[in-house]
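Starting from the known structure of chain A, fit chain B onto it as the hints suggest.
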Amino acid sequence: MRSHLRNLDVYLSSNCRSLIYIAVFLLLIPLAFSPMSSKGAEKPVSKAPATELKQSYTWFDGDTERTVWLNPSLLAEFNPKTTGQSPVKQFYGDRATEQPNRQAYIKLWQFDGVSAETAVRELISDDPKRRLSVVFHDLASANGNKRALPGNIIVFFKPSWEGPQVQQWAKTHRLNIVKKLPIGAQVYEIETAPGFKSLETANMIYKTGEVTAAVPNWWEEVEPR
Amino acid sequence: MKFSYFCRWIVVAVASIYIAGCPGLGGGGGGGGGSVATYTLAVTKTGCGTGTVTSSPGGVSCGADCSEDYDSGASVTLTATPDASFTFEGWSGAGCSGTGNCVVTVSAATSVSAEFGKIDPLYIDQWHLKNTGQGGGVLNEDIDVEPVWASGIRGTGVRVAVVDDGLEIAHEDLAPNVVPNKSHDYVGGGTNPTGGEHGTSVAGLVAARGGNCLGVSGVAPRGEMVGYNLLQASISTNEADAMTRDRVDNHVSSNSWGAADNRGTLDASSLLWRSAINTGLSEGRGGLGTIYTWAAGNGHPRDNSNYDGRANYRGVIAVAAVTDSGTKSSYSEQGANLWISAPGGEFCSTHTLSTTDRSANAGYNTAATAGATDYVNQNYTKCFNGTSSATPVISGAISLMLEANPNLGWRDVRLILAETARKNDAGDADWKSTTAPYNFNHNYGFGVVDADAAVTRAKTWTNVGPEKTYTTSLSMPTDGAIPDNNLTGISDTITVSNSGIGSIEWVEITFTSDHTYSGDLELILTSPAGAVSLLSKQHTCGPCSTYSGWVMGSARHLGEGADGDWRLRVRDTDVGVTGNFQSWKLKFYGTAGTVVACDATQTAGGDTADTRQVELGKTAGTFDFKYQTYSIKDQMKVTYEGGVLLDTGCVGESKTIPLTYSGSSTKVTVEVIPNCAGTSGTAWYYTVYCP
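Chains as they are written, first to last, in numbering that gives the first Met the number 0: chain A, 0 to 224; chain B, 0 to 690.
So that you can see chain A by itself, here it is in the shape it has in the complex (with noise of 0.2 Å):
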């Protein structure tokens, strides 16, 4: 039996090894070119949770509470002139580089070697009327949707509260009402300024428990379909 095998291989080395060869060499040739080749060369996907944003924010929207992600290098700025060098670049230089965005209302920079706090901080100390934000991402991983504060809160007041009560609450917190929106029985636009005071007053107000609903007026990031 052993010596029948080892003619067999020596049949097969003397015979066939140059068949095998060429066997192997035409099952090489469709694997190379098949889809599964270029789908191997694809990035494998990652089941972790996102920790690349670390600092993390919530706000209620009516009774959800949801949670945002800082992107400490992103800015957004409202209004931008349309003439004329951005402040941003201005005083940041090669430091600041805008992002790509299809909005003519904002646009959004991208920081190396400062933080986007900073910058928020730092050009609003040189001119108040200037509307930043810092972004943040509905996940914690820049590829989340973006979200940003260009000022102002929206509350929702019970509605069988009157209009004289609303102008009453506001007062007592000190607070302008901007216009009441059209929707729904009480809902109200306040104002605040851009950035964390919108955020933080929302949720101050919302945790008095002497509304429905208290909510940033964000900036979303949507596109044409």
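What the hints contain is simulated information worked out from the structure, not anything from laboratory work.
Just so you know, even glycine gets a beta-carbon here, dropped at the ideal spot from N, CA and C.
Just so you know, nobody snuck in bad clues.
The calculated DSSO-like cross-link candidates involving lysine-lysine, where the alpha carbons are at most 27 Å apart (straight line), are:
hint, chain 1, residue 1, chain 2, residue 2
1, A, Lys128, A, Lys196
2, B, Lys625, B, Lys654
3, A, Lys179, A, Lys128
4, B, Lys181, A, Lys178
5, B, Lys636, B, Lys467
6, A, Lys196, A, Lys53
7, A, Lys46, B, Lys536
8, A, Lys206, A, Lys170
9, A, Lys179, B, Lys181
10, B, Lys431, B, Lys584
11, B, Lys586, A, Lys157
12, B, Lys431, B, Lys586
13, A, Lys206, A, Lys157
14, B, Lys467, A, Lys157
15, A, Lys179, A, Lys157
Over the 12 Å line for every Cβ pair with chain A, so calculated as not near, a few chain B residues:
hint, residue
16, Thr45
17, Ser84
18, Phe85
19, Ser96
20, Asn139
21, Arg421
22, Lys422
23, Pro436
24, Lys458
25, Lys536
26, Val595
27, Leu658
28, Ser679
Partner residues are not named here, just some residues of chain B that face chain A (Cβ under 8 Å, in silico):
hint, residue
29, Leu230
30, Ala232
31, Ser255
32, Asp260
33, Arg262
34, Ala275
35, Thr278
Coordinates of chain B only, in the frame set by chain A:
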């Protein structure tokens, strides 16, 4: 000749009567003094085409003679006849509109305009309107709109708000249908939202002017439009404004936008947006409700439309896209929330939609593409695609429905679209018949819109009754651990009883899991009737979201009853991350359905499918079901709390069968699928005898 005094009086009297009664002798344009006034009826011809207007009674032959004097009170019928290769686009003035005859009762000097046109030069490429197989498509894989136009319905008086990145209101092919000073610019204020090529192309698909010898035609070529450039400044208050602005006058809100596609993540809508939509539904159009159309999304296979908190909201019509062959566009997202499909095309090289573009060099069709891959005329493009394209096609179709029947509520529009949609790609394995007459497919919703069928149905539609809702309590599986990489998964059941909803219009599913990689989870909802909603499929995302009170929608159960056992199966189809099925609940929207009494014979209402609930008065017992389907075969199904008591199959017969039931409901549902053998002209009846 001599007359007697008496005879003289007779002659004078007769002459007076004769003169008074004689047309034209009473004086032109005046009136009074006992004579009949005459007035001039003048016809003006406008438009880029030519033709003739004639009158009955005669006098106008315009041609050359375009005015005539008629007696006050005369009824004159004007008929327009276009010359060969031209079209008649319609009347204006003297209360006339549309393309039928213009009947004028002359009571003052009157002017009427007749517009003659010509088929738009790029219409031949608009396969979504008329698919002749041009470009390799399949004949008649279109929205069947030409019969609607031929009937004179073209969107007149119906206004669509195009919410997008802008709308070039002065565009040569849009300007005639843009309502002056009613658009809005969210960046600079004011009423000029010019600036977005996407919105300009969307607008062309809704209502580019038809028959004006320019460019293309919209689905509603005489519809009205306004543009809101929300996507230039997408802040919350602007979103709410764009959804509700001019809500009395705007009929349809067309939305080809949303969170970025192809991420596989869950992107929630906000409380403010939902409040705005709800306001539009309850207050829009004087209480009939604004109709919101929404692009389902272009992120297939990574995204499902149910991951988008706007597209999966019950107040919007989520629109999927099909190719010129009637199959799913490769990018178009699946979803149990999909309502309807429309042409969106594939890619520019493989046939997309022709529409308007920003004028000159400002849009998609640049100097580099003009004459090469796109039209020479840069005011137009043939490369517009996506669920963005499909959505305005639906908005245009709804405009036609609302012209035909302005009293349709927002839910009526949805139901008509579902009932009349065409079952495209009929060989696709996902097609399932839900409750008659609806078919559903997770790629297409209820199918591709059929404008002619929808408008025809709209004309005779009876509005549905008030909406009822029913919310279950939260169910938390006792051991919610989801087996990893296991196709069986874990299931939980919610039993619904006495919901009062006999005909579901929408199901909302709220689901929570602590599994941190949502892409691993498949969520499958099964109704008491056995209908399956695939809410989520395994997919990749980088990184994924977590299902934390995530709200999904399903259109799949339209027409079913809510009572019975609803089962949610959760399975983790990939190895690695693990987690728990923590909780879920359901909310149903619908009506009580058609409830009839037992012992009363129910007869055929025609060839349309029919579903009725029969009140038995008891929660358990045995009753006789007597039916007759005659020689033309029909199918009848009797169900109780989702379970099938009897399925006759496709039969032509008369029988009486005893059926036993037991549960918490006092109603059985009888569904009739007429002409199940592909025939027509059937008749049937059945009686459910009281137990």
